[in-house]
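**Student:** Sequence:
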Amino acid sequence: MSENEFVVGKSRIILIQGDITKMDVDAVVNAANSTLMGGGGVDGAIHRAGGPAILEECVALRAAKWPEGLPTGEAVMTTGGKLKAKFVIHTVGPVWRDGKHGEPKLLAEAYRNCLDLAASKGLKSIAFPAISTGAYGYPVEKACRIALVTTGKFLHHVQSLDVVFVLFSKNDFEVYVRNAKELLREGDFSALR
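Per my numbering, the sequence shown starts with residue 6, numbered consecutively.
It is possible that some hints are incorrect.
[What the hints assert, rightly or not] Here are the computed distance ranges between Cβ atoms for each label pair: (1) Gln164 x Glu73: 31 to 39 Å; (2) Arg183 x Met42: 32 to 40 Å; (3) Gly142 x Lys87: 24 to 32 Å; (4) Gly74 x Asp121: 14 to 22 Å; (5) Lys89 x Thr40: 24 to 32 Å; (6) His162 x Gly49: 16 to 24 Å; (7) Gly49 x Lys110: 22 to 30 Å.
[Unchecked claim] Taking lysine-lysine and the DSS-like style, the derived pairs with C-alpha atoms no more than 30 Å apart in a straight line are: (8) Lys27 x Lys15; (9) Lys15 x Lys175; (10) Lys15 x Lys186; (11) Lys110 x Lys158; (12) Lys70 x Lys186; (13) Lys110 x Lys129; (14) Lys89 x Lys158; (15) Lys158 x Lys147; (16) Lys175 x Lys27; (17) Lys70 x Lys126; (18) Lys175 x Lys91.
I should point out that these hints are in silico values taken from the structure, not numbers from a laboratory.
Yeah, the Cβ is synthetic: ideal placement off N, Cα and C, and Gly gets one too.
I would like the entire structure built from these sequences, with the hints used as guidance.
**Tutor:** As structure tokens, then:
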């Protein structure tokens, strides 16, 4: 086990710096906008790398269930298209205002709903980006702690799931490693600090 791998129950949390579109996992998570039509950052990268099949399924989901757009915190699954991942789980994280408008709760819901969806479909591995920390402006340190605590708590109640946090920048990766060593080594999932 590497220093960036943490065992939680029968599951693992793994931290890597890299490109989420290249991950060989059952599902990658797309930090989507509510339109599900692709966009900038990781959203655009996943749509470009996965090809038109992802967008086609997003259009169908919008028409069938979410004509006004996917609500913040919800999660839906599509094909992975040309990605190595079989599936893409799309979720909409909150836009950071000041932390006093429900952002922490909504961010935790986004992670939890993705994890619930993965577990309900029998997936064994899922890769997350740092949801909401790009264009949506959520401070990485705060978002990281919510992601790790929410995931740690969830993993105590599932059979086995590998959760990979794929951080694009060196800075984000270092923030996640530092916080994971504190929160996960101690097993402290009691509070969203």
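**Student:** Does each hint fit the structure? Answer for all of them.
**Tutor:** Results for each hint:
Evaluation of the 31 to 39 Å hint for Gln164 and Glu73 yields a pass: the beta carbon distance comes to about 36 Å. Against the hinted window of 32 to 40 Å, the Cβ-Cβ separation of Arg183 and Met42 comes to about 35 Å, which satisfies the hint. Take Gly142 and Lys87: their Cβ atoms lie about 30 Å apart, and the range 24 to 32 Å holds. Evaluation of the 14 to 22 Å hint for Gly74 and Asp121 yields a pass: the beta carbon distance comes to about 20 Å.
Taken as a hint, the range 24 to 32 Å holds for the pair Lys89 and Thr40, whose Cβ atoms sit roughly 25 Å apart. For the pair His162 and Gly49, the supplied restraint of 16 to 24 Å is violated, since their beta-carbon distance comes to about 34 Å. The beta-carbon spacing between Gly49 and Lys110, approximately 27 Å, falls within the hinted interval of 22 to 30 Å. With a CA separation close to 25 Å, the supplied pair Lys27 and Lys15 stays within the 30 Å bound.
Distance restraint check for Lys15 and Lys175: the Cα-Cα separation of roughly 28 Å lies within the 30 Å cut-off, and the hinted pair is therefore satisfied. Between Lys15 and Lys186 the alpha-carbon distance is near 18 Å, which keeps this suggested pair within the 30 Å criterion. As the CA atoms of Lys110 and Lys158 are separated by approximately 14 Å, the hinted pair is consistent with the 30 Å bound. Distance hint between Lys70 and Lys186 is unfulfilled; the C-alpha atoms sit about 40 Å from each other, more than 30 Å.
At roughly 26 Å between alpha-carbon atoms, Lys110 and Lys129 fall within 30 Å of each other, so this suggested pair holds. With a CA separation close to 28 Å, the supplied pair Lys89 and Lys158 stays within the 30 Å bound. At most 30 Å may separate the alpha-carbon atoms for a hinted pair to count; Lys158 and Lys147 meet this at roughly 17 Å. Of the pairs offered as hints, the one joining Lys175 and Lys27 holds, with about 17 Å between alpha carbons and a cut-off of 30 Å not exceeded.
Pair hint Lys70 plus Lys126 holds up; C-alpha atoms about 19 Å apart against a cutoff of 30 Å. A distance of roughly 27 Å separates the Cα atoms of Lys175 and Lys91; the hinted pair therefore holds under the 30 Å criterion.
In summary, the numbered hints that this structure violates are 6, 12.
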